[in-house]
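Peer 1: Following the hints, put chain Y in place on chain U, whose structure we already have.
Chains U and Y are the protein sequences, given in the same order. Count along the first sequence starting at 1, add 2, and that's the number in the numbering used here. Count along the second sequence starting at 1, add 7, and that's the number in the numbering used here.
Bear in mind the hints are in silico, worked out from the structure with no lab data behind them. It cannot be assumed that every hint is accurate.
[As the list claims (entries may be wrong)] 30 Å max Cα-Cα, derived DSSO-like pairs, lysine-lysine:
1. U:Lys439 to U:Lys456
2. U:Lys34 to Y:Lys380
3. U:Lys305 to U:Lys171
4. U:Lys305 to U:Lys439
5. U:Lys439 to U:Lys449
6. U:Lys163 to Y:Lys380
7. U:Lys34 to Y:Lys456
8. U:Lys439 to U:Lys372
9. U:Lys171 to Y:Lys380
10. Y:Lys456 to Y:Lys380
11. U:Lys57 to U:Lys171
12. U:Lys77 to Y:Lys419
13. U:Lys57 to U:Lys456
14. U:Lys305 to U:Lys77
15. U:Lys456 to U:Lys163
[What the hints assert, rightly or not] Facing chain U, a subset of chain Y residues (Cβ under 10 Å, in silico):
16. Ile21
17. Phe22
18. Val26
19. Ala390
20. Ala397
21. Val428
22. Val432
23. Phe436
24. Leu439
25. Ser488
Just so it is clear, CB atoms sit at the ideal spot from N, CA and C, and this is done for glycine as well.
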Amino acid sequence: MSNYPILSLLIFIPLIGALFIFVIRGEDEIVKRNARQVALWTSCVVFALSLLLWKNFDITTADFQFVEHQDWMPKFNIAYHLGVDGISVLFVLLTTLLIPICILASWEAIQERVKEYMIAFLVLETMMIGMFVALDIIVFYIFFEAVLLPMFLIIGVWGGKRRVYAAFKLFLYTLLGSVLMLVAILAMYFEAGTANIPVLLTHDFPASMQTWLWLAFFASFAVKVPMWPVHTWLPDAHVEAPTAGSVILAGVLLKFGGYGFLRFSLPMFPLATADFTILIYTLSVVAVIYTSLVALAQEDMKKLIAYSSVAHMGFVTIGTFTLTVQGIEGAIYQMLSHGIVSAALFLIVGVVYDRIHSREITQYGGLVHKMPAYSLIFMVFMLASVGLPGTGGFVGELLILVGAFKVNSILAALAATGVILSAVYMLYLYRRIIFGKLTKDHLLKIKDLNTREKMVFAPLIILIFWMGIYPSSFLEILHVSVNNLIDRVESAQAASAALIAGR
Amino acid sequence: MTEVPNMVPALPEIFVAGVGMALLMLGVFQKVSDSAQEIRTSRLISRLGMVTLVLAMVLVAAVAGSTMVTFGGMFISDPFAVFFKVLILMASTLTLVISQDYMERQNISRFEYVILIIFATLGMMLMVSANNLLSLYLGLEMQSLSLYVIASFNRDDERSTEAGLKYFVLGAVASGMLLYGISLVYGFSGTTDFKTLGALFADSQVSPPSIGLIIGIIFVLSGLSFKVSAVPFHMWTPDVYEGAPTPVTAFFSVGPKIAAIALFARVMVGPFGDLVEHWQQIIILISIASMLVGAFAAINQTNIKRMMAYSSIGHVGYALTGLVVANEAGVRGIMIYMAIYLFMNIGAFACILTMRRGDRMVENISDLSGMSKSHPMVAAALAIFMFSMAGLPPLAGFFSKLYIFLAVIESKFYGLALIAVLSSVISAFYYLRIVKVVYFDEQGDPLDKPINSILGFVIAGCAVIIVLFFALPNVIVDSASIAAFTLFER
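Next comes chain U alone, as it looks inside the complex (with noise of 0.2 Å):
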């Protein structure tokens, strides 16, 4: 395999693209045009290499592949180590893909301080890249905190009316988890005495340990996810931030909860996952049922598309923790069909935003007799977010709700109201801005798509046909990774039980 570092050049060149972006000077138009240029080919380069971060993967082993190891601390035992499993791969993309995007969705809407706005993209890419590929759980931690930097910036700077209440929260909320988090691992670190996250997967912390440790690491997750009561501050972040930090927000951040599920509650806490699964099941049926009656009663485009990612995230937590194959595999197929849906359903109210200047659903209506193309696009990711079969968002939602029914008939039910629900508020949306009579006046001049938005929006409408029609090829990546966390999970429990039945 190739032997450059490939995850390391992921990582720093969207900070070299930054540092470029810092020391361009001169006037004013001529420094925005370039921050834009160097923005995007910067994270095009990124892509590029990515796919080929992809093609070089091998599917046959569950091992980390790409791994880098430096020593950083070595008087602390802790390395910059890299490496990607079957797990992680397909975020690095899903990260990787929406970035360009994002620039490109901004490419107009951000006229004030591009410069800064372009720096914290890339600056946000890096942060996110390495919190997906870190293998060492400080490296990990100091990934995972320092996305909040770049975000609150994002939506505090260049975000809505009440922006600062919502950076705040957003803020405040997370850094609240995580530094629990950090607790936790510093515990697990001395507990263990290594900082390698393979290593640690296969470390058995005692069970009464691991009670607090899933705690702590589940009060960071949680909220990343977010999951019901704490899922407050996404509303308020998801309508402050201007779209691209909308885009990234879904499509990227609120995977970090999932992945961390994935990557350390259940492996590394295979009892106390266990015992709290209930707890689990139980907020992500209400966050499922009572998020997506929340949605259906909003008046404001942004918040309603934020109440159903937190809805569709329900689904996520629920499939995860089921802990069959389909569930996990549901789970992670629909967090990368989430990302790419929730990402182009915030663009596709950006668009709008960006002519009218409103989200309120009531200034729409009828949008279909002068944008046609518009309504044409925005109905495909509607119809992908509700779960139509050829879309990837079925793919997914069938998965995890084998995996419930595996589980558990009820949860299944309960699970399965949530995509009748979404079907219900999300056609009701559509129907509000795009059908009926074209008889608001500040509507009548509206333009549709322009070449630039219909580029933004090609790429993502072909990979959700993609994952709707062809899915192997995405899921083919997971297969040996997930089989191998689930043994690990079900033999650790195993063993315990069979533990306790020797006594």
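Peer 2: Chain Y alone, transformed into the frame defined by chain U:
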């Protein structure tokens, strides 16, 4: 004829003392008939003072390496002292660098300022090298007396004189407590020498220390808590920080604090190290109270210097959690914490020094509004310092907390660690508020431009250190490890 003691370990101190006095003479005998000449003199002395401090740093490095005791056991030079001396000299040098412009603009540019800083520095160096309760007290008082004067250096300003007076009165009380404690310890043990005291308490399991001795230690501890401005001995801090001239505040927040923390660590783990169960709970209480007061009280501040005062109280709380565990890892944590804290604070205060409008200093947090448009670079640096103080990775402030937490959790003080991380979330709020004012708020009246280039240089330097610390953490970590190791070598 008595034997001449070995001067080599104390060479940096002797050098600083000699040059300090020479500079005083030089300044006194300069012809000063108008203010232009006064400024010229102060510039000259200031530059010479910086050179002196840098040379002293070289000397410190030259005598570094081994543990040496001299002056009848009064004075010790070990890697622990060397580490802190380098930090103190850096703090003093940087203070002189950022002071000159401010002093000239405020019309208080007099050479005595430099001399006082040098003597304060000398006092601090003696403090960290103290190996006897008496030399500890002498160093501390030398430092404090110089600081009382420079706190009120702007003598025509009411707030500055008030700050000096307040600092003096409360400081004197604290010194009294310390001295009382020392005399109790001496009375009940018969010695003031650290080594003898340590040996005396080593078998404390066999013969528990008398109650008078414990009271003495508590008095010493209270006096030291005052000097590091830990809760409940922190009341003077906000007023003094607010009233003193800004570069002096910058100096207060780093130099004396670093020296006092070093002294604190040396006294508690050295002579009283074996009595850890008697004082540990007090330090736990002090550190928790400092963290919480630092976090909550800063939220409502409108004056940025007062906010920084509470922030420094909070930081002392974190540093003291490293002392709670009273082992090598804890002391190492403290050392790294103070090193990073030095650059964060000097950088932040250098940013505060750029806050002038119509050639007058402004100190309200709201005056920073829209700074990101008028001074993008200073604003970015200030944001970096604030994020770093909030403990956000990958900035240096995160690592300073990480090493402390590593020590605390290794010793299984989970409750303390939880309180520490939770209060760091609370304090993140007011650090973020600065970032919010700088970046999110609409621009108010613009601050003056351009900023002094020397200040800009200091700001940029500190910001680079804070941002890039993660790339080379071992530079500081390794020397701190060695220093912490020698402190526990008996």
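Peer 1: Going back to the hint list, which numbers does this structure go against?
Peer 2: 11, 14, 16, 17, 18
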